[in-house]
Structure formats: C-alpha cells, structure tokens
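Protein chains: 2
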Amino acid sequence: MTNTIETLPTPSVVIYEDVVKRNCKLMHDRAISLGVDIRPHMKTHKTIEIGKFQTETINIKKIIVSTLSEARFFALSGQFKDILYTVPIVPTKLAAAAHIHSSIDVLHLMVDHPDHIKAMVEYRNQHLGALGNKKWSVFLKIDCGYHRAGADPELPSTIKLVEQLTKSLSDHFVFQGIYTHSGHSYKQTSPDGIAKIATSEATVAGNFAKKIRSLGYPCPIVSIGSTPVCCHLPNNLKDLGVTEIHPGNYVFYDLMQVELGNCKVDDVGVHVVSRVISVYPERNEMLVDAGSLALSSDPGCTHLPDRAPGFGIIVGDNNLRIVGVTQEIGKVSSVNGSPIDFNKYTIGSIVRIVPNHSCLTAAMFSNFNVLSTESTTQVKETWIPNKHW
Amino acid sequence: MTNTIETLPTPSVVIYEDVVKRNCKLMHDRAISLGVDIRPHMKTHKTIEIGKFQTETINIKKIIVSTLSEARFFALSGQFKDILYTVPIVPTKLAAAAHIHSSIDVLHLMVDHPDHIKAMVEYRNQHLGALGNKKWSVFLKIDCGYHRAGADPELPSTIKLVEQLTKSLSDHFVFQGIYTHSGHSYKQTSPDGIAKIATSEATVAGNFAKKIRSLGYPCPIVSIGSTPVCCHLPNNLKDLGVTEIHPGNYVFYDLMQVELGNCKVDDVGVHVVSRVISVYPERNEMLVDAGSLALSSDPGCTHLPDRAPGFGIIVGDNNLRIVGVTQEIGKVSSVNGSPIDFNKYTIGSIVRIVPNHSCLTAAMFSNFNVLSTESTTQVKETWIPNKHW
Chain A
1 MTNTIETLPT PSVVIYEDVV KRNCKLMHDR AISLGVDIRP HMKTHKTIEI
51 GKFQTETINI KKIIVSTLSE ARFFALSGQF KDILYTVPIV PTKLAAAAHI
101 HSSIDVLHLM VDHPDHIKAM VEYRNQHLGA LGNKKWSVFL KIDCGYHRAG
151 ADPELPSTIK LVEQLTKSLS DHFVFQGIYT HSGHSYKQTS PDGIAKIATS
201 EATVAGNFAK KIRSLGYPCP IVSIGSTPVC CHLPNNLKDL GVTEIHPGNY
251 VFYDLMQVEL GNCKVDDVGV HVVSRVISVY PERNEMLVDA GSLALSSDPG
301 CTHLPDRAPG FGIIVGDNNL RIVGVTQEIG KVSSVNGSPI DFNKYTIGSI
351 VRIVPNHSCL TAAMFSNFNV LSTESTTQVK ETWIPNKHW
Chain B
1 MTNTIETLPT PSVVIYEDVV KRNCKLMHDR AISLGVDIRP HMKTHKTIEI
51 GKFQTETINI KKIIVSTLSE ARFFALSGQF KDILYTVPIV PTKLAAAAHI
101 HSSIDVLHLM VDHPDHIKAM VEYRNQHLGA LGNKKWSVFL KIDCGYHRAG
151 ADPELPSTIK LVEQLTKSLS DHFVFQGIYT HSGHSYKQTS PDGIAKIATS
201 EATVAGNFAK KIRSLGYPCP IVSIGSTPVC CHLPNNLKDL GVTEIHPGNY
251 VFYDLMQVEL GNCKVDDVGV HVVSRVISVY PERNEMLVDA GSLALSSDPG
301 CTHLPDRAPG FGIIVGDNNL RIVGVTQEIG KVSSVNGSPI DFNKYTIGSI
351 VRIVPNHSCL TAAMFSNFNV LSTESTTQVK ETWIPNKHW
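Protein sequences appear in the order of chains A and B.
If you're matching positions, the first sequence starts at 1 in the UniProt record's numbering and goes up one per residue.
If you're matching positions, the second sequence starts at 1 in the UniProt record's numbering and goes up one per residue.
No wet-lab data here; the hints were simulated from the structure.
A couple of the hints might just be wrong.
Since the list can't tell identical chains apart, any single copy or any two copies may satisfy a pair.
[What the hints assert, rightly or not] Think about it this way: if two alpha-carbon atoms lie no more than 30 angstroms apart in a straight line, the pair counts; the simulated DSS-like pairs of lysine-lysine are:
| no. | residue 1 | residue 2 |
| --- | --- | --- |
| 1 | K238 | K380 |
| 2 | K344 | K118 |
| 3 | K344 | K160 |
| 4 | K21 | K211 |
| 5 | K167 | K21 |
| 6 | K52 | K387 |
| 7 | K264 | K238 |
| 8 | K118 | K380 |
| 9 | K210 | K387 |
| 10 | K135 | K211 |
| 11 | K25 | K344 |
| 12 | K52 | K21 |
| 13 | K25 | K43 |
Please put together the full structure from these sequences, using the hints given.
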C-alpha cells in the first residue's frame with residue numbers, strides 16, 4: 001500500500017521535494033552570483049538524496065559532515081569523494097578518519113590546537129600507509145566571534161599553527177585554508193544584525209587569510225558559513241577575501257529561520273505530521289502526538305522580542321502553537337486566545353507542524369516521507385538518513 | 001575486543017547496573033511500605049533488561065509504555081503481558097492496539113474524551129474478533145492539575161465517561177480505573193513543593209474514585225505518578241484512595257531530579273561519555289563531542305532560583321558545566337570562574353556527563369553500554385533500546 005499523508009503513522013516527518021530543491025538552487029545561485037564556491041553541509045538531513053540536490057550544479061561535489069558516521073555514510077555511497085569533517089579531530093578518531101580518507105579522494109579534518117597537529121603527526125608516523133600514502137588534509141578553524149570552536153586569529157599561537165601546517169610539518173599536511181562558523185548569527189534579532197555578522201565573519205576570515213599570505217604562507221580556501229549569514233551576505237564578499245560559503249540548515253529551514261527573517265514559512269521543506277490525540281474545549285487547548293522526541297526540546301528563538309514561546313506552529317493556522325512538549329505529547333494553544341475550531345481539529349485529525357529546529361527534528365526520525373509538493377498528499381519516496389555516531 | 005570506557009566511541013551512553021537496580025528496588029520497597037502497587041514506566045530506558053529489574057519483585061509484571069512501538073517491543077519479548085499505553089488513543093492506532101491486545105494478556109488503553117470511546121466501539125463492531133474476542137481494557141485519564149492530558153474531574157462530562165465505560169457501553173469495555181500524571185511536579189522549587197503536589201494528586205485521584213464509587217460505578221485502580229511525586233509520597237497515600245504508583249524516570253534519574261531534591265548525584269544511573277575535542281585556555285573554556293543530539297536540548301530546571309544554566313555537569317567536577325550545546329558540540333565552562341585544569345582535560349581525554357534529562361538523552365542512542373558500577377571501566381554488556389515510533 002502506498003502511503004498518503006493521511007495513512008502515515010504519527011508522528012512522522014514529511015519533506016517537500018520541490019521546496020528542498022528550490023532552497024538548494026537559490027543558495028547555489030547566490031554563491032555563483034557572488035563569485036564564491038559553495039561547500040554544503042549534510043548534517044541537517046544526512047541523506048544521499050538531498051546531498052545530490054545540494055551538489056548537482058557543482059563540478060566537484062565537496063560536502064561537509066558533522067560526524068564520522070556521516071563521513072562514512074556519504075563516502076560509502078560512492079558519490080561524494082571530497083568530504084570535510086568539521087569538528088576538531090581527537091586522537092582516538094584518527095584511525096577511522098584515516099580509513100575514510102584512504103577510501104575517497106580526500107577527507108579533510110579540522111584543527112585549532114597544536115595537540116591536534118601533534119597527534120596527527122604521531123599517528124601518521126606510527127601507521128605508515130594507513131592514509132593510502134596520502135598526507136592529512138586539513139582546514140584551520142578560526143574563531144570569528146562565536147567563541148565556540150576555532151583558534152583566536154589575534155593570538156601569535158594561531159600563526160604558529162599555520163607555520164606548522166605549511167612549513168615545519170608540511171611533509172604530513174596539505175593545508176586547505178581557513179574555516180569559520182558564525183553560530184552567533186542565530187542570536188541576532190533582525191536581518192540587519194545578521195548582515196553585520198556576515199560582513200564581520202567575512203572580514204575576520206578574509207583579513208586573517210591576507211595576514212598569513214603576507215607572512216609567506218599559502219591559504220587557498222577561505223570558507224565562511226551558517227545559514228543565517230549565507231542569507232544575508234555582503235555584495236563585496238569576494239573582495240573581503242572569502243572564497244566559499246558552507247551553509248547547511250537552508251535545505252529545510254525551520255521556524256527559527258522564519259522568525260530570524262532568513263526565509264518565509266513556505267520555504268520550510270520539512271514538517272512533522274502529527275495527530276490530535278485529545279481536545280479540551282474547557283481550557284481551549286488540544287494535544288498532538290508529537291512531543292520532545294519528534295520536535296526536539298529546542299525552545300527556538302526565545303531571545304526575539306515579542307516572540308510567542310513554543311516548539312512549532314501548526315501549518316495553515318499560525319495562531320496555533322505547540323506551547324509545551326513532553327516526551328511524546330505536544331500541547332497546542334491559541335496564541336491570541338481566540339477559540340480553537342474543534343470542529344476542524346477532531347480527535348485523530350492530521351496536523352502538520354513547522355518545527356523550531358529542523359536539524360534536531362530530522363535527527364529524531366529513521367525515515368523521511370517525501371512528497372513532491374506541499375499540495376499533494378501522496379508519499380512518493382522514502383529516504384533513509386544516516387543515524388547516530 | 002571488549003570495550004572499556006576508554007575505548008568507547010564518543011559520544012556514548014553508559015549505564016551503571018548497580019545504580020539502576022538500587023533505584024528500582026528502593027522505589028519498589030517504597031510502594032510496598034505504603035501499601036500500594038507499582039506499575040513502572042518503560043519510556044525512559046525502553047529496554048527489556050531494565051524492565052525486568054523494575055518488575056522482578058512484582059508478581060504481575062504490569063508495565064507502562066509511551067508509544068505503540070514500545071508496546072510491541074515489550075509484548076514481543078514474551079515477558080511482559082500486562083501493558084498500559086498511556087497516551088490518549090486515536091482512532092488510527094486502534095488496529096495496532098487491537099493486534100497487541102490480542103497477543104498478550106492485556107493492552108490497556110487511555111481515554112479522556114467521548115470520541116475515544118465512540119471510535120473504540122465502532123472499531124470493535126466493525127472488526128469482530130480483532131481483539132481476540134476480548135473487550136477493550138481502559139483507564140480513564142483525569143487531570144490532577146497538570147493540565148496536559150486528562151478529563152477535568154469537576155466536569156459532569158467526566159462522570160458520563162465513567163458511566164459509558166462501566167454501564168451503557170460495558171459490553172465493549174473493561175474499566176480498570178483512573179490514572180493521573182503530575183507533570184507539574186517538575187515545576188516546583190523544593191521537595192516541600194513536590195510533596196504538596198503528591199498529596200494534591202493523591203487527593204484529587206482518590207476523591208474522584210470515591211465520588212464515582214458513591215454513584216455506583218466501580219473503580220478498581222487509582223494510579224498516580226511522576227518520579228518527583230513518587231519520591232515524596234505522603235504516608236497516608238493508601239488512605240487517600242491511591243492503589244498504585246507509576247514512576248518512570250527513577251530508573252536513571254538525571255540532573256533535573258538532583259536539582260529538584262529527588263535524588264543525589266550518585267543515584268544517577270546514566271552518563272554520557274564524551275571526549276574533550278579542543279581547549280581554549282585564553283577564555284577558560286573547552287569543547288566536548290556531546291551536543292544537543294547526545295544530551296538533548298532540554299535546558300533543565302531553569303525555573304530554579306540561582307541554578308546555573310546549562311545542559312549537564314561533568315562527573316567529579318561539579319564546577320564544570322555544559323553551558324551550551326549545538327548539534328554535535330558541547331561547550332564547557334567553569335561555573336565559578338576558577339581556572340579549568342587543562343593538564344587534566346587534555347584533547348582526547350574522556351569526560352562523563354550527568355545529563356539534564358535522561359529520558360531524552362537515552363532516546364538519542366541506539367545502544368547502551370552497561371558497566372557494573374561507576375568504579376569499573378569495563379563494559380559488561382550492551383543493551384538495545386526500542387527506537388522511534
């Protein structure tokens with residue numbers, strides 16, 4: 001039996017192929033128009049299918065992953081041969097990384113501390129040939145103001161890392177360039193604020209590249225990212241020294257991206273399908289069978305002024321919001337207090353939910369139900385994402 | 001090769017068998033000492049093994065689940081024949097429920113609205129024999145003040161539900177009694193506050209049972225729950241009319257339960273094992289490879305006064321807290337600002353994390369690494385939890 005949205009078990013996730021393809025094309029075209037490359041991130045969806053949409057207009061299918069399990073998954077597909085694992089590499093993960101690196105063109109790793117470099121040299125010396133006679137390929141992660149990962153570009157020790165990667169230890173390394181991530185863009189309150197972060201990230205990254213080049217070191221790639229920033233890039237991006245962008249969440253977007261002004265509700269490519277499990281007219285509330293395991297417990301953009309709290313909105317009825325989640329249950333309230341239409345939301349009826357954070361929501365499901373467009377109810381395919389670690 | 005905690009891939013989850021068994025025994029003994037039954041919840045761990053620990057001292061292994069996938073999982077094990085699915089039942093789930101009900105002694109379902117009852121009658125009339133010639137076995141969920149699921153015990157329509165289940169539609173139903181869940185216990189700020197909720201829940205449930213019995217309806221079971229409440233039960237629980245308790249989270253506990261005063265840190269039976277992936281002495285911070293997918297994005301007891309924000313604490317170093325999570329990365333800061341010992345927390349070194357919310361954390365992992373005690377590093381077994389829906 002072919003599933004339709006009405007026969008899906010709930011909770012389920014549905015993906016709109018046309019929306020995802022459109023999001024991929026627009027972001028690709030934006031990069032092209034600004035004269036930079038795009039190296040898309042896989043972590044939001046973790047599927048071969050969407051990875052192909054993200055890269056089909058690119059000559060070299062360069063992708064980014066957030067776990068070695070994802071790296072293995074995309075490498076094994078045979079379709080992605082240039083993969084960047086963006087989390088600073090720990091010594092115990094070098095064996096797995098070397099294996100993947102030897103099986104494809106290149107697995108780039110991320111470093112931001114001399115101990116990463118030291119461990120990689122030791123590993124390569126102790127396991128001759130484990131990398132398929134390749135050198136380690138690395139990006140240097142620098143901190144553009146987010147203060148999560150990344151070496152401080154103002155510290156002399158950061159220049160020393162470049163020196164090691166490109167000169168004194170260059171027998172072991174192919175230095176690709178620098179990489180930044182502007183996660184603080186999610187804490188802005190307006191597109192203008194995000195645009196300022198975009199310019200700031202590009203400037204920090206571009207200036208550091210110029211600085212190290214002026215010291216005689218190479219720096220082929222200058223990669224900046226985060227989906228909010230990639231939605232508000234400056235026109236002089238290339239002049240600032242950036243060579244590529246690396247967005248991820250944009251394939252699906254989500255309620256946070258809508259509320260930050262990075263997309264419209266119609267651009268959200270993933271919904272959680274849920275059913276009304278009970279109604280409580282006496283308190284103008286109802287429950288659905290999507291809770292924190294289906295929607296995640298990410299409260300979203302709580303820093304935005306006047307933002308109604310909650311974990312998602314009901315598609316087609318923006319006044320209805322998931323105001324609370326427990327493990328398997330979501331509570332729906334009317335934001336402005338107007339009466340819920342309980343003739344429409346009968347027990348067992350289907351609702352679609354725009355989740356706060358599509359990366360976390362998608363990670364909760366073992367399969368994605370693909371619909372061509374939001375207007376069809378027919379499930380055309382099932383895509384199986386990579387899971388866990 | 002047998003895994004030790006040092007060779008586990010990270011992030012991983014470890015479970016301390018002695019702690020979990022102790023938690024199970026203490027909660028069981030508490031119920032016995034108060035003269036009530038215990039019907040333990042499986043949703044926190046979703047494993048056959050822990051389900052056995054929770055029920056091994058009970059004659060009839062009565063358990064609770066939060067999804068029909070869990071119900072199927074525990075039914076298929078052949079070891080659990082009395083299962084309660086606690087989410088209000090929707091019409092489209094009746095076929096699966098009937099199948100499970102017919103395969104074991106009983107699958108109890110939960111109702112709190114006349115439309116649940118109507119759909120069950122229609123299903124049974126249309127699918128003669130689908131239930132293995134059984135009637136539907138049901139609990140009535142009533143609202144004890146949490147205002148999530150549950151019929152309002154003050155409304156005449158709630159008495160009408162009992163009338164339907166026990167008289168006018170009794171050909172279709174075996175009425176088990178009433179069930180309440182005091183999720184608002186998690187919003188208290190002290191054990192005293194939780195104890196008040198416990199007495200209030202027991203009183204609301206007990207009084208409703210007395211009321212319907214006085215009207216001539218049966219009410220064999222009066223079941224109350226939530227782990228906080230079950231940690232602070234009144235001595236006159238039985239006199240208030242309660243016949244059983246149904247805690248779930250207590251098998252593992254977590255940081256929220258510690259902070260609410262329901263257990264000690266040493267009672268937490270589940271830790272996330274993670275590695276330091278980079279260090280930033282210049283800002284007294286470090287990163288670990290456990291982020292929102294390993295720890296969940298549940299911010300925990302943010303309502304507690306003076307509670308430091310975060311998503312977990314480092315075991316053995318309560319001053320170190322996960323102050324922020326992104327998908328695969330946790331940021332560790334020193335709560336009181338004292339310098340982190342970076343000689344101890346070198347890149348690649350193992351940390352164990354007490355997560356805010358063990359139910360959500362456990363749900364993120366496909367396997368649980370079992371250690372006998374916290375003092376051993378040897379993984380003795382791997383338990384496989386039920387996943388998804």
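Hints versus structure:
no. : hint        : result
1   : K238 / K380 : neither (40 angstroms within a copy, 55 angstroms between copies)
2   : K344 / K118 : between (63 angstroms within a copy, 18 angstroms between copies)
3   : K344 / K160 : between (65 angstroms within a copy, 24 angstroms between copies)
4   : K21 / K211  : neither (38 angstroms within a copy, 60 angstroms between copies)
5   : K167 / K21  : neither (43 angstroms within a copy, 57 angstroms between copies)
6   : K52 / K387  : both (18 angstroms within a copy, 28 angstroms between copies)
7   : K264 / K238 : within (27 angstroms within a copy, 56 angstroms between copies)
8   : K118 / K380 : neither (50 angstroms within a copy, 34 angstroms between copies)
9   : K210 / K387 : neither (39 angstroms within a copy, 50 angstroms between copies)
10  : K135 / K211 : within (25 angstroms within a copy, 78 angstroms between copies)
11  : K25 / K344  : neither (36 angstroms within a copy, 47 angstroms between copies)
12  : K52 / K21   : within (10 angstroms within a copy, 48 angstroms between copies)
13  : K25 / K43   : within (18 angstroms within a copy, 41 angstroms between copies)
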